[in-house]
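> Residue numbers (our numbering), protein chains in the order written: chain A, 698 to 1120; chain B, 13 to 175.
Among the hints, erroneous ones may be present.
As the list claims (entries may be wrong) - Result set (EDC-like, lysine to aspartate or glutamate): computed pairs, CA atoms no more than 20 Å apart in a straight line:
{"#": "1", "chain 1": "A", "residue 1": "Lys-768", "chain 2": "A", "residue 2": "Glu-744"}
{"#": "2", "chain 1": "B", "residue 1": "Lys-98", "chain 2": "B", "residue 2": "Glu-130"}
{"#": "3", "chain 1": "A", "residue 1": "Lys-745", "chain 2": "B", "residue 2": "Asp-161"}
{"#": "4", "chain 1": "A", "residue 1": "Lys-768", "chain 2": "B", "residue 2": "Asp-42"}
{"#": "5", "chain 1": "B", "residue 1": "Lys-88", "chain 2": "B", "residue 2": "Glu-172"}
{"#": "6", "chain 1": "A", "residue 1": "Lys-780", "chain 2": "B", "residue 2": "Glu-130"}
{"#": "7", "chain 1": "A", "residue 1": "Lys-1082", "chain 2": "B", "residue 2": "Glu-24"}
As the list claims (entries may be wrong) - FRET-style restraints, in silico, Cβ to Cβ:
{"#": "8", "chain 1": "A", "residue 1": "Glu-952", "chain 2": "B", "residue 2": "Phe-155", "range": "17 to 27 Å"}
{"#": "9", "chain 1": "A", "residue 1": "Ala-946", "chain 2": "B", "residue 2": "Glu-146", "range": "39 to 49 Å"}
{"#": "10", "chain 1": "A", "residue 1": "Pro-987", "chain 2": "B", "residue 2": "Pro-48", "range": "29 to 39 Å"}
{"#": "11", "chain 1": "B", "residue 1": "Phe-155", "chain 2": "A", "residue 2": "Leu-784", "range": "28 to 38 Å"}
{"#": "12", "chain 1": "A", "residue 1": "Asp-714", "chain 2": "B", "residue 2": "Glu-172", "range": "33 to 43 Å"}
{"#": "13", "chain 1": "B", "residue 1": "Ala-171", "chain 2": "A", "residue 2": "Asp-862", "range": "24 to 34 Å"}
{"#": "14", "chain 1": "B", "residue 1": "Met-13", "chain 2": "A", "residue 2": "Glu-712", "range": "25 to 35 Å"}
{"#": "15", "chain 1": "B", "residue 1": "Gly-63", "chain 2": "A", "residue 2": "Glu-1114", "range": "55 to 65 Å"}
{"#": "16", "chain 1": "B", "residue 1": "Pro-56", "chain 2": "A", "residue 2": "Val-978", "range": "23 to 33 Å"}
{"#": "17", "chain 1": "A", "residue 1": "Ala-774", "chain 2": "B", "residue 2": "Pro-48", "range": "12 to 22 Å"}
Calculated directly from the structure, the hints in this document are not laboratory data. Every residue gets a Cβ at the ideal spot worked out from N, C-alpha and C, and that includes glycine.
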Amino acid sequence: MAHTLAEKILLAHAEVDDLSPGDIVMVRVDTVMANDVSGPVAFRQMEKIGAARVFDPTRVVMVADHFVPAKDARSAALQKRLKDWALDQGVAFYDQGRGGIEHMLLAEEGWIVPGEVIVGGDSHTCTYGALGAFGSGLGSTDIAAALANGEFWQPVPATIRVRFDGQRRGFVSGKDLILAVIAQIGVAGATNAVLEFVGEGARALTIDERMAVANMAVEAGAETGMFVADQVTREYLADRVTRAWDAMASDADAEIAREVRIDLDALGPLVAAPHSPGNVVALSDAIGTPVEQVYIGNCANGTITDLRQAAAVLRGRCVHPRARAVIVPATQAIYRQALREGLLDTFAAAGAMVSTPTCGACFGGGMGVPAAGETAVTTTNRNFKGRMGSPDARVYLANAYVAAAAAVAGELVDPGELLEAPL
Amino acid sequence: MRLAGRAVAIREDNVDTDVLYPGSYLNIEDPELMSPHLFEGLDPGLRDEMGPDTILVVGENFGTGSSREHVPLAMKASGVSCLVGKSFARIFRRNCLNLGLPLVDCPGAVTRASTGSEVVVDLDAGVVTVDGQEFASAPMPAFMRQMVDAGGLIPWLHAEAAS
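Just chain A, with the same shape it has in the complex (with noise of 0.2 Å):
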């Protein structure tokens, strides 16, 4: 029977003889990740369980990066409370300032190969779809079940085939690719389905690129995004990962639910504008909105790539008076690095702030909350009503090359003012 991706990758890891669109099946996990805001609520689960040792702790991995650094005394409690659970169980621990945003950083660090089912405690767990695994985002709950047998339910979802066809032009990033996707099935368009991007189009986005696309597919509600492995993914495994994989793709007569065109030839730059990543608008038609903070960071878009776009638009200017911005590099490797580049330096001299990897201000966990009132532009993934702390605060989500250029300019503007090409 033809398959597609995430159905190969799913009865690869079930027990079961076939499996097709809404069976419900118990799921083999390779990896299970939780944080210091799922991990905690987690262990009192495992706990009730009954289970005193996870199931293997050479596939655990926890990652304390939502309330880092500790903004207060019961922040600090939540991250002593990880430490000391991740030290006595033997799992991997990535601790404050040794690893960062956990999408970013298990991807960096050759957890994520093609063809593996990782489950996370955090929505944005579908970045991994990024390297061609199923990557799929759970509660406490669930995650506390596969921390002790090392296994989940999963309704076996069906695919929407993203075809992302010609080539992108101008200041077009992943960001927009994957909004113009929302934009064009909504907020809960891929309900019960995992969105597989293909095309000519994917297939010319870098991993980084790819990641800010698979991260957001949550947003359009589905359960995963998924690219097909090729040789990008080759490449950037190259060096982080010993273990063989192979690289799966849909049979070509697999059966799909819905195939979604998106034409790269005519897109332009889109940010989605307050309160949802669904209402999204083209860039032109949101020049001029005053900005009074920028923020360039979050598990979409902290990359390297959005880093060296932030700089390329801050060299040798300075942030609007009327404006502050607030970059934080998603990993202490991409941390590192942009250093290296002297990015750091551009940001700092521009008069913006660097801050240590954390999911921070995304998520209203501090460093950097805007006031009510005010209007952000972020690189991040979810401006819901509040979502930053204040909900008189309005959010527009946007690329890096936006998103920096509205701190220029105190504003919303096109980037092509400031800068001739893209990198």
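Knowing the structure of chain A, use the given hints to seat chain B on it.
What follows is chain B alone, placed relative to chain A:
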């Protein structure tokens, strides 16, 4: 399984978990301490409507966004016994089922109900009754039903291990 209670209606579609339980309270790990923050970004006044048999009546794609289990944990601690919605977001649905908090998809009942309505959810018959008027609900997959009957994922795992 049959659940009866008083409706508390949330009309909007795409209500996200950030407004249901803002991120700044995610550093709380004890469920008893979560419920005072439920609905904080949406309408804190909803907390005064909560009673021991509250049935939350909600719109489309309810619970979209973050995986934070703090939301259904706080709902359970606040007396919510069931949710009736037009539809639910993926992780929120999982989290409720895993905690033994039943939810049914029944757009007709949602349209009819308002805060204060008497609601009866009959999971066996697949019927939701609002102030005496009956609506057919979408059938719950067998696995999910087993989990609800067991009281959630953890008791379900215990039962599986015993058999």
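> A separate judgement is required for each hint: does it hold in the structure or not?
Verification of the supplied hints:
At most 20 Å may separate the alpha-carbon atoms for a hinted pair to count; A/Lys-768 and A/Glu-744 exceed this at roughly 28 Å. As the CA atoms of B/Lys-98 and B/Glu-130 are separated by approximately 18 Å, the hinted pair is consistent with the 20 Å bound. About 18 Å separates the Cα atoms of A/Lys-745 and B/Asp-161, which keeps this hinted pair within 20 Å; it holds. As the CA atoms of A/Lys-768 and B/Asp-42 are separated by approximately 19 Å, the hinted pair is consistent with the 20 Å bound.
Note on B/Lys-88 and B/Glu-172: the hinted pairing is violated, with a Cα-Cα distance of about 24 Å set against a maximum of 20 Å. Restraint check: the Cα-Cα separation between A/Lys-780 and B/Glu-130 comes to about 47 Å, which exceeds 20 Å; the hinted pair is violated. The hinted pair formed by A/Lys-1082 and B/Glu-24 meets the criterion: a straight-line CA distance of about 13 Å does not exceed 20 Å. Judged by the Cβ atoms, the range 17 to 27 Å given for A/Glu-952 and B/Phe-155 holds: they are separated by roughly 22 Å.
A hinted range of 39 to 49 Å for the beta carbons of A/Ala-946 and B/Glu-146 is consistent with their spacing of about 48 Å. At roughly 36 Å, the beta carbons of A/Pro-987 and B/Pro-48 sit within the given window of 29 to 39 Å. The given range of 28 to 38 Å is respected by B/Phe-155 and A/Leu-784, whose C-beta atoms sit roughly 36 Å from each other. Evaluation of the 33 to 43 Å hint for A/Asp-714 and B/Glu-172 yields a failure: the beta carbon distance comes to about 21 Å.
Checked against the given bound of 24 to 34 Å, the beta carbons of B/Ala-171 and A/Asp-862, roughly 50 Å apart, lie outside it. Taken as a hint, the range 25 to 35 Å holds for the pair B/Met-13 and A/Glu-712, whose Cβ atoms sit roughly 29 Å apart. Checked against the hint of 55 to 65 Å, the C-beta distance between B/Gly-63 and A/Glu-1114 comes to roughly 57 Å, which is consistent with it. The hinted range of 23 to 33 Å is satisfied by B/Pro-56 and A/Val-978, whose Cβ atoms lie roughly 31 Å apart.
For A/Ala-774 paired with B/Pro-48, a C-beta distance near 18 Å keeps the hint of 12 to 22 Å intact.
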